[in-house]
Amino acid sequence: MPQRFIFESSILDSVVGGHSAIDIPRLNIHSLEAASSFLLSYGFDITREDDLERLWYFHRRALVLMLEKLGFQDTDLPEVFRDRKKLGDIRQLLIFASSQNPEEQQLQRWACAIIRCMHVFVHAENDLFSSFSEEIQSQILTPFQNCILHDGNTHRTFMKSPTDQLDQVELMGFEVKPFKTSSSTVIKLLAKPDALAMKIFDKLGVRFVTRNLFDSFQVVRFLIKEDIISFPHIMPDQSSNNLYPVNLFMSVCDDLSHRLDTLDEKSIQEAFDQKLAEEGENVKFLRKENFFSGEDYKFIKFISRKLVHIKPQGGKEAFSFFYPFEVQIMDKSAHDRILSGPSEHQAYKERQRTAARKRLFPDPG
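The numbering used here puts the last residue of the sequence shown at 364; the count rises by one with no breaks.
Do not take every clue at face value.
Stated by the list, open to error - Okay, derived cross-link-like pairs now, DSS-like style, lysine-lysine, Cα gap no bigger than 27 Å in a straight line:
| hint | residue 1 | residue 2 |
| --- | --- | --- |
| 1 | Lys348 | Lys176 |
| 2 | Lys187 | Lys357 |
| 3 | Lys187 | Lys348 |
These are calculated hints, taken from the structure and not from any lab test. Bear in mind that the values here come from a model prediction, so they are computed numbers and not experimental data.
Work out the full structure, taking the sequences as your base and the hints as a guide.
Printed below as a string of structure tokens:
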């Protein structure tokens with residue numbers, strides 16, 4: 000076949016076919032020179048000692064993740080990859096990952112698995128959060144924390160406006176999601192569908208637990224009204240709401256506005272429940288697909304972005320960038336269900352680990 004008609008289908012699929020490079024079954028690098036050129040294009044110059052040691056660092060991180068977090072056994076991992084001295088040259092990993100020798104099939108699969116882990120670690124540990132975590136956390140989280148008031152006498156928690164004392168929402172809980180360690184980020188990215196494999200928006204976030212469904216929507220209104228979030232910066236394709244459809248919520252609120260004198264919390268909730276029952280199978284929720292969350296995981300979730308401002312020391316010019324964060328809102332009954340049901344955190348994480356293991360070692364095609 001003429002050379003002009005020979006293409007590498009898996010790489011072409013990665014570049015223009017919408018598939019992730021993580022899922023390429025084999026590289027095509029068969030010399031140390033070709034490996035050096037590939038790595039230089041990737042971002043590492045192996046003639047620089049710092050870059051070379053950084054590659055070995057990501058190699059170690061990958062092995063630790065696979066053996067300590069994903070449940071692979073020491074005895075499964077070929078010794079040549081376990082021992083830096085045995086491998087000798089980090090470029091050999093790329094050559095092993097390119098092998099078409101049937102006798103090296105196991106080595107080839109393990110080399111690809113390690114490189115997949117390394118690749119995701121490189122992306123997870125070279126974003127803006129790695130360099131500016133304190134500034135990002137402070138500028139995103141402080142506005143939320145400033146509106147939370149804990150009443151020591153009654154042991155109750157409220158969202159309160161600093162300018163309008165009547166504007167408040169009682170909460171059952173407020174949590175700051177600790178930023179994800181790179182290991183958990185890598186597992187999550189490996190577990191994602193291939194088209195989303197390098198996207199993660201919830202390294203940082205907050206969760207509000209409300210008394211009831213109506214208060215969950217009051218939290219949204221409060222955050223907008225008090226300019227704690229800027230709604231133009233919300234990423235609409237990342238929003239989920241399987242707590243209660245917006246159109247039905249607005250319809251019930253319109254009905255309730257005409258009978259204010261007869262309302263208490265129970266009758267308000269009953270009105271929302273009745274409307275949902277009336278709609279039956281016509282109810283449409285906004286649920287961004289998540290392969291690892293159970294069906295009982297009902298909540299409002301959105302991803303917003305914050306324009307973070309950095310003022311370097313030493314007279315260097317200030318600069319700014321957008322950084323994403325997650326807001327979750329759920330009522331107490333939904334929160335109680337996820338703590339005791341199949342969406343419990345450990346079960347969720349185990350589903351992710353299972354998917355990540357399969358992603359590292361896909362079934363041979």
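Inset, instruction - Please flag the earlier hints that this structure goes against, numbers listed from lowest up. - result: none
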